[in-house]
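Number of protein chains: 2
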Amino acid sequence: METTTKDRILDAAEELFAEKGFDGVSVREITARAGCNVAAVNYHFGNKKGLYLAVFRERMAERARKVQEAFWKEIENESEPDAEKIIRTLARSFLKSPFSEKERLLHHKLIARETNRPTEAFEIFYSEVVNPFFSALLKLLAPYLPEGLSEQEKMLYVISIISQVMHFNLARTMLTHLTGKRFDSPFIDSLIEHIVSFSLNGLSGRIIKK
Amino acid sequence: METTTKDRILDAAEELFAEKGFDGVSVREITARAGCNVAAVNYHFGNKKGLYLAVFRERMAERARKVQEAFWKEIENESEPDAEKIIRTLARSFLKSPFSEKERLLHHKLIARETNRPTEAFEIFYSEVVNPFFSALLKLLAPYLPEGLSEQEKMLYVISIISQVMHFNLARTMLTHLTGKRFDSPFIDSLIEHIVSFSLNGLSGRIIKK
DNA sequence: AAATAAACTAAACAAACGTTTGATTTAATC
DNA sequence: GATTAAATCAAACGTTTGTTTAGTTTATTT
Numbered sequence: 001m002e003t004t005t006k007d008r009i010l011d012a013a014e015e016l017f018a019e020k021g022f023d024g025v026s027v028r029e030i031t032a033r034a035g036c037n038v039a040a041v042n043y044h045f046g047n048k049k050g051l052y053l054a055v056f057r058e059r060m061a062e063r064a065r066k067v068q069e070a071f072w073k074e075i076e077n078e079s080e081p082d083a084e085k086i087i088r089t090l091a092r093s094f095l096k097s098p099f100s101e102k103e104r105l106l107h108h109k110l111i112a113r114e115t116n117r118p119t120e121a122f123e124i125f126y127s128e129v130v131n132p133f134f135s136a137l138l139k140l141l142a143p144y145l146p147e148g149l150s151e152q153e154k155m156l157y158v159i160s161i162i163s164q165v166m167h168f169n170l171a172r173t174m175l176t177h178l179t180g181k182r183f184d185s186p187f188i189d190s191l192i193e194h195i196v197s198f199s200l201n202g203l204s205g206r207i208i209k210k
Numbered sequence: 001m002e003t004t005t006k007d008r009i010l011d012a013a014e015e016l017f018a019e020k021g022f023d024g025v026s027v028r029e030i031t032a033r034a035g036c037n038v039a040a041v042n043y044h045f046g047n048k049k050g051l052y053l054a055v056f057r058e059r060m061a062e063r064a065r066k067v068q069e070a071f072w073k074e075i076e077n078e079s080e081p082d083a084e085k086i087i088r089t090l091a092r093s094f095l096k097s098p099f100s101e102k103e104r105l106l107h108h109k110l111i112a113r114e115t116n117r118p119t120e121a122f123e124i125f126y127s128e129v130v131n132p133f134f135s136a137l138l139k140l141l142a143p144y145l146p147e148g149l150s151e152q153e154k155m156l157y158v159i160s161i162i163s164q165v166m167h168f169n170l171a172r173t174m175l176t177h178l179t180g181k182r183f184d185s186p187f188i189d190s191l192i193e194h195i196v197s198f199s200l201n202g203l204s205g206r207i208i209k210k
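Quick mapping for you: the protein sequence lines, in order, are chains V and H.
If you count the first sequence from 1, position 91 lands on 91 in my numbering, and the numbers rise without skipping.
If you count the second sequence from 1, position 140 lands on 140 in my numbering, and the numbers rise without skipping.
Hints are computed from structural coordinates only; laboratory data are not their basis.
One or more hints might be untrue.
[As the list claims (entries may be wrong)] Going by beta-carbon spacing under 7 Å, a handful of chain H positions derived as facing chain V:
| no. | residue |
| --- | --- |
| 1 | Gly21 |
| 2 | Gly24 |
| 3 | Ala70 |
| 4 | Trp72 |
[Claimed, not checked] Derived Cβ-Cβ restraints for the label pairs, each shown as a range:
| no. | chain 1 | residue 1 | chain 2 | residue 2 | range |
| --- | --- | --- | --- | --- | --- |
| 5 | H | Lys66 | V | Asp7 | 45 to 53 Å |
| 6 | H | Ala136 | V | Thr3 | 34 to 42 Å |
| 7 | H | Glu29 | V | Glu76 | 45 to 53 Å |
Just so you know, even glycine gets a beta-carbon here, dropped at the ideal spot from N, CA and C.
Please construct the entire structure, taking both the sequences and the accompanying hints into account.
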């Protein structure tokens, strides 16, 4: 055997938790896919919930770190990155991350689950991943945001961009139904360019007067 | 008893399904909240899945129709609605719909669940609600979109707006963590104005050249 | 008022659930 | 190579699951 049982359980668990949610998956289904005994989950992770948290601690956090690493690396290559470059890099690093299509989707599905219905895993992910990244990203984008905004209002602009990325990633069935297009690589490219266009104009504009 | 058992089951079911998902709720939990016998679900809806679909057929679809009705009513009051008016009305009708805070959140959570992981309920909701509304909305917004876009590209602009609305509605915990603000009515108002500002500029801008 | 249908209920069903146990195999240490 | 520790296993545990059954109550019809 090449991989350890613990790793194979984590592999199976994050796939299945992402697809069906915590309650939608049984420990037996996980261990069957991992090719091990049912009791292995309790031996290695205590209980089912412990396994779910381990997925976030040992897989989600690390993968998010890599996504962000790829983002900053590409940003630092630019001598003076403008807003367009920043947004495109952001969209690309989320929609075309250095992982397989499958792994990226899995990752975002789990984030979406915790976003819509936070459990203990939310705090892990938020403090280790979301918060530091947002702070840095806000600092980077600040020069290109409309003037006279509070720190909290500035955040909304970044969240508007992220929300599009998340939605275009997750609402595939809806997108396919509406546009009639398959969700392949060229289509994703066009999505990225749309997000760049929409968001760049969105944050560069003046404030609307009520 | 004022309401029928069937209605009370539907009430309890949509609350619990929205909050915990199909697999996260037991029939016993639903019937306990509805104050009736466990077997009542099977009597009225056949089985658990039938109850879930009934929630979409008899509750979700009708509520969505009311939201859209409120949208069109407000739009038709304007002699010549411009893009800003359209977007604000759209954001308002989703974030401040003619329902209680609780009911609106419940509604959007169920949509999000079906968006991220479509079941049979997706087809019901898509064909009855999403598709007709999108078509009409696209027609209404078309004059204000950048020129020379395909029908499919135009759709992405509408989806970008909707995605923000959905995300600001669902990612409350994240928003509260990031901004430190409570998710109350004044905050929602500021979210609406942000979406209007960001989206209006977003779709009025020129196309970015690659 | 008798007869028929609809609505509801208590009790039980088999199946699936997460977890525990105790034994066995594999790996590491001495 | 014996001893100890870690890992894995088959089997069973007590609950909870969705659903069914058979009986009772309530409402409608004739």
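Structure-based check of all given hints:
no.	hint	verdict
1	Gly21	6 Å, holds
2	Gly24	4 Å, holds
3	Ala70	21 Å, violated
4	Trp72	20 Å, violated
5	Lys66(H) - Asp7(V): 45 to 53 Å	50 Å, holds
6	Ala136(H) - Thr3(V): 34 to 42 Å	52 Å, violated
7	Glu29(H) - Glu76(V): 45 to 53 Å	52 Å, holds
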